[in-house]
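> Make a model of the complete structure from these sequences and hints.
First to last, the protein sequences are chains A and B.
Residue 1 is where the first sequence starts when you use our numbering, and the numbers rise one by one after that.
Residue 1001 is where the second sequence starts when you use our numbering, and the numbers rise one by one after that.
Among the hints, erroneous ones may be present.
Unchecked claim - Estimated spans, in silico, between C-beta atoms of each pair:
no.	chain 1	residue 1	chain 2	residue 2	range
1	A	L99	B	D1272	23 to 33 Å
2	B	V1111	A	R69	39 to 49 Å
3	A	D166	B	R1151	24 to 34 Å
4	A	P91	B	Q1101	48 to 58 Å
5	A	L99	B	R1151	46 to 56 Å
6	A	T180	B	S1343	52 to 62 Å
7	B	D1066	A	I79	25 to 35 Å
8	A	T180	B	S1265	38 to 48 Å
9	B	R1129	A	V33	37 to 47 Å
10	A	V33	B	E1128	55 to 65 Å
11	B	V1111	A	P91	30 to 40 Å
12	B	V1111	A	T180	20 to 30 Å
13	A	L127	B	D1066	29 to 39 Å
14	A	S179	B	D1272	51 to 61 Å
No lab work stands behind these hints, which were simulated from the structure alone.
From a predicted model like this one, the values you see are computed outputs, not experimental measurements.
Note that CB positions come from ideal geometry on N, CA and C, so glycine has one too.
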Amino acid sequence: MNALTTHPALLRHLPWWLRLHTAAVLVFLYLPVLTLIVFSFSNSPSAMQWGGFTTKWYAQLSENARLLRAAGNSALVAIISTAIGLLLGVPAAIGHASLRRHRTRVAASLLLPIIAPDVVVALALKLWCLTAFALAPGLTPMILGHSLLSLAYVFLLVSARLDRFDWRLLDAARDLGASTTSALRLILFPHLWPAIAGGALLAIGVSLDEYVISSFLSGPGTSTVPIETASLIRKTFTPEINALASALLALSACLAAAAILLQRRR
Amino acid sequence: MVPISIRHLSKSFDGTRVLHDVSLTIAAAEMFFLLGPSGCGKTTLLRHLAGFYQQDSGTIHFGDRDMSGVPAHRRNTAMMFQSYALWPHLSVAENVAFGLQERKLPKPDIVSRVREALHMVQMGHLGERRINQLSGGQQQRVALARSLAVRPDCLLLDEPLSNLDAKLRLDMRGEIRRICNQFGLTAVYVTHDQKEALHLADRMAVMEKGLISQVGSPREVYRAPLSTGVASFIGEANFFQGSWQGHGTVQSPHGLWNGRLTDPSWQPATGDAVVLCVRPESLRFSPAPADLNSLSGTLTESIYLGELAQYAVTAGPSSFRLAELNPAGLRPSGPDAVHLTASPDDVMILRP
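Below is the structure:
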């Protein structure tokens, strides 16, 4: 059967008002973002006034030492926390799939960091890191905080893919001579890897974007790009901000596109 | 190509006994069927042979080798799954090669054995295909090739044909039988399809509630079931009560009936309760009532099915099914009395 013949009639002949509604939502979503990109090339000191085409704000951005240091911190935190998230999240998802009882409870508790309000998670982490472990505010507590988020996202994606896994495929592998380890490596991992890679990209994206947890846990000299951006708009609102936002947007678009491409593979 | 011997095997899951003291001997190169309603333990027993489960007590021997504690990947068995369980990320040839790679065979040997196995199931030309490009029947052939390529000691089949349509199922039945004969494979085949079992089995075991009810050839199990459970699971059966009068004669609500005892180890005493069992195809219409092996009732249902006509006859509180092979026409149902009879050789007397 092909998709065209099974496609519901309603979706093939969408009423005009539904089409209009969809168009309106898209405009509402993308117009501000497009405006922002356009004004990042504006040769005017004001962020919302057109003054001819220039790329000088991007050049200025690339020489902003504070921002570059923050970008370095952001990248470091994103990569390490994602690695930790993968190391914890993939086994957690496999373990969770093998549970026979309390599955919902275990899943909910692992997803808590993305369900609970960020402020609550941030505050809890701050209290815990600073008092229980006597950690100074800085990169280490930030990495720990971001790892919780990574763990949750990796768990979410890998679990969803495991739901569609036929566990008898592993039985068949063991039956034909593969040890449990080989069966996991040769049969389960190839099935999971799009979800693992997608989860990692999502975790990197979330980490680069994370503001609340980072700002609660950051210390002197360890700010990240979102923190730096927030402090920049408090002072002045120049097209440099637009350029920064556009650059970040391009980066997240790349991550999202990569994640979608990976999910599309079987 | 090894005999399998199962001794006093028991298994519980979460406190529920699923296998009770099961003992079976399966000869080398025999095609042995495990049959029974769902939940009877047949699949659990098969998974014990594969090594997916370890028994709580009892032993399994392949030839002289005790398989207790031997994990699935160190047993030279190959299983065919109901869902085929082919690996979707590998090509047809890679699926077949998997077991050989795990056995660390040299590359050229793997290539030739994959080719040979695919050729055997008439899939030689499709080695490069992806699994999702194959039809159900083709997938089942690949699964068979994958099992044969490792040259297993014993082939385990877990309802392998139940997802195929009727015509294909018949073709594959023949194919599996041919290949098992050709290689002298010991095969243990789980199914709830009694037709499949009667068609293919050298011998079969009928299981109920984790126990083995009867072991025998298809003819023995069909013609001489030891219990009403076996009689009603293999084929259809009409049952009615009676009391033993000696010499194969039973007094029943439908008069005197003559039949044969199916269990040679059981000799009822006069007056003992027994159950009479007559297959629908053993009953036939007779023009007039008789003194022996005769019952009268009204025809309440007539169905024409091409190769046979199926009737339901209500006699007192019970209902009887009758099947007439190669019917020329169909008797209309109606209120008039009809008379049924069966020859004593076709009337089976069972323990209640």
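> Please go over all the hints and tell whether each is borne out by the structure.
Now the hints, each set against the structure:
no.: 1; hint: A:L99 - B:D1272: 23 to 33 Å; result: violated, 53 Å
no.: 2; hint: B:V1111 - A:R69: 39 to 49 Å; result: violated, 57 Å
no.: 3; hint: A:D166 - B:R1151: 24 to 34 Å; result: holds, 26 Å
no.: 4; hint: A:P91 - B:Q1101: 48 to 58 Å; result: violated, 26 Å
no.: 5; hint: A:L99 - B:R1151: 46 to 56 Å; result: violated, 38 Å
no.: 6; hint: A:T180 - B:S1343: 52 to 62 Å; result: holds, 59 Å
no.: 7; hint: B:D1066 - A:I79: 25 to 35 Å; result: violated, 52 Å
no.: 8; hint: A:T180 - B:S1265: 38 to 48 Å; result: holds, 46 Å
no.: 9; hint: B:R1129 - A:V33: 37 to 47 Å; result: holds, 45 Å
no.: 10; hint: A:V33 - B:E1128: 55 to 65 Å; result: violated, 46 Å
no.: 11; hint: B:V1111 - A:P91: 30 to 40 Å; result: holds, 36 Å
no.: 12; hint: B:V1111 - A:T180: 20 to 30 Å; result: holds, 28 Å
no.: 13; hint: A:L127 - B:D1066: 29 to 39 Å; result: violated, 59 Å
no.: 14; hint: A:S179 - B:D1272: 51 to 61 Å; result: holds, 58 Å
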